[in-house]
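A.B. asks: Knowing the structure of chain A, use the given hints to seat chain B on it.
Keeping their order, the protein sequence lines are chains A and B.
Using our numbering, read the first sequence as starting at 108 and increasing by one per residue.
Using our numbering, read the second sequence as starting at 65 and increasing by one per residue.
Calculated from the structure, these hints are not laboratory results.
None of these values were measured; they are calculated from a predicted model.
Glycine residues also receive a C-beta, built at the ideal position from the N, C-alpha and C atoms.
Errors might be hidden in some of the hints.
Unchecked claim - As a list, the in silico DSBU-like pairs of lysine-lysine whose alpha-carbon atoms are at most 30 Å apart:
#, chain 1, residue 1, chain 2, residue 2
1, A, Lys186, B, Lys131
2, A, Lys187, B, Lys131
3, B, Lys153, B, Lys235
4, B, Lys235, B, Lys214
5, B, Lys153, A, Lys186
6, A, Lys174, A, Lys206
7, A, Lys178, A, Lys280
8, B, Lys238, B, Lys149
9, B, Lys149, A, Lys186
10, B, Lys247, B, Lys153
11, B, Lys238, A, Lys187
12, B, Lys131, A, Lys206
13, A, Lys206, B, Lys153
As the list claims (entries may be wrong) - Some, not all, of what chain A presents toward chain B, calculated at C-beta under 10 Å:
#, residue
14, Met124
15, Gln154
16, Asp179
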Amino acid sequence: MVREVAESCVDTMLMEMVAMYSGRFYANKPELAARRIEAIGYQVGHQLSERYTMERPRFSDHLEAIKFICKDFWSEVFKKQIDNLKTNHRGTFVLQDNKFRWLSRVSIDPSSSEKETEDPSTPGESKAAQAVSMYLYFPCGIIRGVLSNLGIPCAVSADISSLPTCSFVIRVKA
Amino acid sequence: MAPVTPRSGDAIFSSIDRVNAELFTLTYGAIVRQLLTDLEEVEEVNNLLDQMGYNIGIRLIDEFLAKSGVSICVDFKETVEMIAKVGFKMFLGVTASVTSWDADGTCCSIILEDNPLAEFVELPDTCQGLYYCNVLSGVIRGALEMVSMKTEVTWTRDVLRGDDAYELQVKLLKQVAEEYLYKDDE
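One chain only, chain A, in its complex shape (with noise of 0.2 Å):
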């Protein structure tokens, strides 16, 4: 049987984590928290897919690779798959999960967003959409770390346009 602990055991740890990383040692210095919470995440996906793929034949290319995480991974991490796929054929590939677990809980306060972006400092982003995207940091440092473990280097970005749907998008490194 698959050992299981609380679900909030989890929650509570991740944003731990992003609260120490972005308040507390570079409150000033967002890209610096991100690298460490991304790096943080690689090291996650990079065991985990030692784990989850032990026992299958090698990926034949890249699209069976993200499809492993589409399905099999998610399935893993979220109790649920990926709800769309898209790819240009050329190495970008965009995976959607329209209910994504980590944001599910997450609400941007429309007025406060307004009043922010007023602030000529973050010019276009509010500081909650800032605050948001640290937590994405995480699963995109997952997602690199599984990937990069089956041999595709790549990088990958996030971008949550209406919450709590989440894109993932993974540009492949030729």
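C.D. replies: The following block gives chain B in isolation, referenced to the frame of chain A:
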């Protein structure tokens, strides 16, 4: 309304949302690893893990009270028993036992035989001063503080340091009386 009866840790654990423990274990491991690279002193890492745990504990106690349906514990002894029997089961899926009470009931040990946090973990020689599971002691301290008990929680045995079990000593420092902001007649 019928009084809410306390539920067993097993019953709560089977009814709440759960995730794969590997994700939890590896994520914690990756955080500790990153902290060790970012900070120079192992002691600083211990402190930060404890602080993280404290912040987590003050949140988890709410969930614990909401979902367990426990009523007021009469004393420190009952409270610690509740954490060990119901709390650990409900969040980590493991049971802990409470032993070594002192005569006045203010100090005891929580013993964990099975610890999902430390699965797959081996400490290298460079990290000998590290209390790897320090987040747990912080969680207990934070949770108890929210129910008016100031405690000191320290590791007395740690499998990762060569002992045969995980043992946390919980010492009650002060029981803070609840203060109400408003009087009834105001």
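A.B. asks: Hint by hint, note whether the structure agrees.
C.D. replies: Now the hints, each set against the structure:
1. The straight-line distance between the Cα atoms of lysine 186/A and lysine 131/B is roughly 22 Å, inside the 30 Å bound, and the hint therefore holds.
2. The straight-line distance between the Cα atoms of lysine 187/A and lysine 131/B is roughly 25 Å, inside the 30 Å bound, and the hint therefore holds.
3. Restraint check for lysine 153/B and lysine 235/B: satisfied, since their Cα atoms lie roughly 22 Å apart, inside the 30 Å limit.
4. Between the alpha carbons of lysine 235/B and lysine 214/B the distance comes to roughly 9 Å, so the proposed pair stays at or under 30 Å and holds.
5. For the hint pairing lysine 153/B with lysine 186/A, the CA-to-CA distance comes to about 22 Å; that is within 30 Å, so the pair holds.
6. Using a Cα cut-off of 30 Å, the hinted pair lysine 174/A and lysine 206/A holds, with the two alpha carbons roughly 18 Å apart.
7. Restraint check: the Cα-Cα separation between lysine 178/A and lysine 280/A comes to about 23 Å, which is no more than 30 Å; the hinted pair holds.
8. A distance of roughly 23 Å separates the Cα atoms of lysine 238/B and lysine 149/B; the hinted pair therefore holds under the 30 Å criterion.
9. A hinted pair counts as satisfied when its Cα atoms are at most 30 Å apart, and lysine 149/B with lysine 186/A qualifies at roughly 28 Å.
10. A hinted pair counts as satisfied when its Cα atoms are at most 30 Å apart, and lysine 247/B with lysine 153/B does not qualify at roughly 38 Å.
11. For the hint linking lysine 238/B to lysine 187/A, the alpha-carbon distance of about 46 Å lies beyond 30 Å, and the restraint is violated.
12. Taken as a hint, the lysine 131/B and lysine 206/A pair is honoured in the structure, with Cα atoms around 24 Å apart against an allowance of 30 Å.
13. For the proposed pair lysine 206/A and lysine 153/B, the alpha carbon gap of about 28 Å is at most 30 Å, so the pair holds.
14. Residue-level restraint check for methionine 124/A holds (minimum Cβ-Cβ distance to chain B is 5 Å; threshold 10 Å).
15. Proximity of glutamine 154/A to chain B holds as hinted, the smallest CB-CB distance being about 5 Å (cut-off 10 Å).
16. Hint status for aspartate 179/A: violated, given a least beta-carbon distance of 12 Å to chain B, over 10 Å.
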